[in-house]
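Protein chains: 2
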Amino acid sequence: MNDTFLKACRGEKTAYTPIWIMRQAGRYLPDYQKVRENVTFLELCKTPELCVEVTMQPVDLLGVDAAILFSDILILMEAMGATLQFHEGRGPIFHHTIRDQVALDRLIVPDADEATWFVMETIRLLRKELQVPLIGFAGAPFTCATYLIEGGSSKVFWETKKMMYREPELFHNLMAKITDSTIFYLQAQARAGAQALQLFDSWVGILGPDDFAEFALPYVQRIMAALKPYDVPLIYFANNGATLLDLSVTSGADVIGLDWRIPIGEAIKKVGGKAVQGNLDPFALLLPKDRLRERIGRLLKDAEGAHGHIFNLGHGIHQFTPPEQAKFCVDTVHELSSR
Amino acid sequence: MNDTFLKACRGEKTAYTPIWIMRQAGRYLPDYQKVRENVTFLELCKTPELCVEVTMQPVDLLGVDAAILFSDILILMEAMGATLQFHEGRGPIFHHTIRDQVALDRLIVPDADEATWFVMETIRLLRKELQVPLIGFAGAPFTCATYLIEGGSSKVFWETKKMMYREPELFHNLMAKITDSTIFYLQAQARAGAQALQLFDSWVGILGPDDFAEFALPYVQRIMAALKPYDVPLIYFANNGATLLDLSVTSGADVIGLDWRIPIGEAIKKVGGKAVQGNLDPFALLLPKDRLRERIGRLLKDAEGAHGHIFNLGHGIHQFTPPEQAKFCVDTVHELSSR
Chain A
1 MNDTFLKACR GEKTAYTPIW IMRQAGRYLP DYQKVRENVT FLELCKTPEL
51 CVEVTMQPVD LLGVDAAILF SDILILMEAM GATLQFHEGR GPIFHHTIRD
101 QVALDRLIVP DADEATWFVM ETIRLLRKEL QVPLIGFAGA PFTCATYLIE
151 GGSSKVFWET KKMMYREPEL FHNLMAKITD STIFYLQAQA RAGAQALQLF
201 DSWVGILGPD DFAEFALPYV QRIMAALKPY DVPLIYFANN GATLLDLSVT
251 SGADVIGLDW RIPIGEAIKK VGGKAVQGNL DPFALLLPKD RLRERIGRLL
301 KDAEGAHGHI FNLGHGIHQF TPPEQAKFCV DTVHELSSR
Chain B
1 MNDTFLKACR GEKTAYTPIW IMRQAGRYLP DYQKVRENVT FLELCKTPEL
51 CVEVTMQPVD LLGVDAAILF SDILILMEAM GATLQFHEGR GPIFHHTIRD
101 QVALDRLIVP DADEATWFVM ETIRLLRKEL QVPLIGFAGA PFTCATYLIE
151 GGSSKVFWET KKMMYREPEL FHNLMAKITD STIFYLQAQA RAGAQALQLF
201 DSWVGILGPD DFAEFALPYV QRIMAALKPY DVPLIYFANN GATLLDLSVT
251 SGADVIGLDW RIPIGEAIKK VGGKAVQGNL DPFALLLPKD RLRERIGRLL
301 KDAEGAHGHI FNLGHGIHQF TPPEQAKFCV DTVHELSSR
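Residue numbers (this note's numbering), protein chains in the order written: chain A, 1 to 339; chain B, 1 to 339.
Rather than coming from a laboratory, the hints here were simulated on the basis of the structure. Among the hints, a few may not be true.
Pairs involving identical chains hold if they fit within one copy or between any two copies, as the list cannot separate such chains.
[What the hints assert, rightly or not] Below are the DSS-like pairs computed for lysine-lysine, each with C-alpha atoms no more than 25 Å apart in a straight line:
#1 K327 x K46
#2 K46 x K177
#3 K327 x K162
#4 K289 x K162
Predicted model only: the values in this text are computed from it and were never measured.
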């Protein structure tokens, strides 16, 4: 059992820097594409045997030090009663947006073991197969709220901020309900066997620090506090969150995920005694190997002062990335960081 | 003549904090919509009399302390030979992308007075009418390059980074050509009468600091240096550029534009003896008036240590913003900052 990842999360010494890659199970892998030929994205998410297969693919192919459950952050929103559809090329769509109390009242706080049994079953099956730790995850409440309010992805998040600024009580009610659901969901994942838990806050970077402190952070803190007793490392990734870092450190997470915009050395100074995860520009995987190797070396060196460093990209791997470049990255991190 | 804006740019004392609003001439104003009923966006950009009319609208309606030439950053790309189209709701499209040296060689460095005569004529006409300073502008080379390479707007800028990382020489050649054109363009604007010049780097926030220093900043520096002799305040706005701020300060600009993600007090510490421009969240204009007033007051207080502060939004005003909220913002900034 390779526990390098878990040790780094706890700030313990490791023989080398562990690495996994956000969206490592995904479209850039031909084996994943093959699985997707026969099922829709949502069918895949709800079929444990297939989820196990695609979760294992990057572990076997790339040699990463952690697996992450194959799923989607919006699966929980669907379990709450939102009608979710995925359209190829257009992303997720919620036809019934949540913009008033009546719509919000229709959402439920689901029993995670029942409503998302397929996620828990996937975790149990994976634990029998894996030789590396398994990460469970959910979307952070702010990010989930944007999808429900906007009805899908957004460029400017007009409706979200409109609700925040004009109907703050309604917004907080929505956040509270998502938070309750997320707590049950992640607690169930921990009980099923997830060995670390990550909250993805993909869109929180649209908030300035004051708004983040008022509208988003308290809910992340509530979730982290409720997961503490499960004694698994907790990771918080606030995408595009360089200016939120001082606040993110107070989230209760053990590990702070970083996007590529902030120099990792600067981030490490801010997070103090916590581990960091990141933060190579995902598109740097396009660099010629010698330049990629140089960049990885620089990043590892800049992260030397960290109280635990898990190497990762600063965002999900892009679908057109050559898999051999991802493999080269994993090998290079292992080689250059060997102590 | 109200020169509060120019004084603040130079770090001189002013009787109150001047304000203008990015995209203050635009779709949120019914008077602008009326003008647009009869012409396309590109026709509007190329008709000096209409440009004058829409440039003046927010000056008259809101009482801002500066006017900004009505135009678009892509007008110069068209003058360079790129075929530009605007589709309602889809944004700008360049059907012929620039992805190899042959395509790049087809672009020209235009004579700005000839190719973009309508811009210079607009400036000359405006100077006869305006009682506030007139800002001219261009897109920064990196942002312009992304449009030419991607063929329009982009979510992830895959092609741009692919060129940067795989064909850096081609990328630098493209940047150099855009830079040369931009220098002639902005020098012509200064000669025509623009009293300040702003470079908009809307998409540079996708770069980490190392890439910014290598691929984008040198070209901004080259432009600023070439404009220095014209003795008008130079403004650099790197959108989503909180982590680029230490480098942006070396751009040669007199004023550093800030988006809303960074607390203005923190930014002021970093920019030292330069003026700052910003940085209210554009969507904060949706707040009830008492809360908006509170927020403006806080921002003004946090900016008190600045070597010149020009109040602005942290991004362009959104098309659905009620104009009376923008007016309230302008009045409140004037009232609360009166010294």
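(message) My question is about K289 and K162: at a cut-off of 25 Å on alpha-carbon distance, are they close within one copy, between copies, both, or neither?
(response) between (46 Å within a copy, 14 Å between copies)
(message) My question is about K46 and K177: at a cut-off of 25 Å on alpha-carbon distance, are they close within one copy, between copies, both, or neither?
(response) within (23 Å within a copy, 52 Å between copies)
(message) If the cut is 25 Å between Cα atoms, do K327 and K46 qualify within a copy, between copies, both or neither?
(response) neither (28 Å within a copy, 52 Å between copies)
(request) Classify it for me, K327 with K162: is the Cα-Cα distance of at most 25 Å met within a copy, between copies, both or neither? (result) Between. Shortest inter-copy distance 19 Å satisfies the 25 Å Cα cut-off; intra-copy 44 Å does not.
The structure does not agree with numbered hint 1 stated previously, though it agrees with all others.
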